[in-house]
Amino acid sequence: MADSKSTPSAPIPPIRIKQICADACHAALGDSPTYTHSMTETWNTNIINGILRQLISESTPSSSPPSSCPFKFAVNSTIIQHAGGSGKAVSDDDSSSVTTTAGRRGMHSACGGYWNTEKDGMWAYKHTLKDMDIVVSIIWIGI
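Numbering follows full-length UniProt numbering, with no gaps: position 50 of the sequence shown is 50.
Accuracy of the hints is not assured; some may be wrong.
Claimed, not checked - Straight-line C-alpha distance at most 16 angstroms; calculated EDC-like pairs for lysine to aspartate or glutamate: (1) Lys72 x Asp31; (2) Lys18 x Glu58; (3) Lys72 x Asp23; (4) Lys126 x Asp23; (5) Lys72 x Glu58; (6) Lys130 x Glu58.
In short, the hints are calculated from the structure, not lab data. It should be emphasised that the depicted structure is a prediction, and the values quoted were computed from it without experimental measurement.
Taking the hints into account, I'd like the entire structure generated from these sequences.
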């Protein structure tokens, strides 16, 4: 994840961006300690909108309308379910099945950009819960 030394162009301090992401994840999930697939779209939407709202609010000069924010933002939220226990994996053609033991899943993600490194940048955050991880990526472009 990022720190203040690796994000010199951040529109607000990286420690504050981390807090905004954590707050958005907590607010979106509420008291939902377990992964519920039918809720993931709502959770992602609430996380993204909460982060965007705060980023725009905190990076816009005071007494200016939100439309005068000096940055464009893109936020991505990915929810990864922790698989547990054992079960059967069935192939697409249903001709064979194999018993598997599942646990935490591995994930690697990368992103790059070609831009003005003095005004543009990206930052990532991982929110870990018992049954799921939430990975948030934020990109900003100076206007």
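Status of each hint after checking the structure:
no. : hint           : in the structure
1   : Lys72 x Asp31  : violated, 32 angstroms
2   : Lys18 x Glu58  : holds, 13 angstroms
3   : Lys72 x Asp23  : violated, 21 angstroms
4   : Lys126 x Asp23 : holds, 12 angstroms
5   : Lys72 x Glu58  : holds, 13 angstroms
6   : Lys130 x Glu58 : violated, 31 angstroms
Consistency note: the structure conflicts with the earlier hints numbered 1, 3 and 6.
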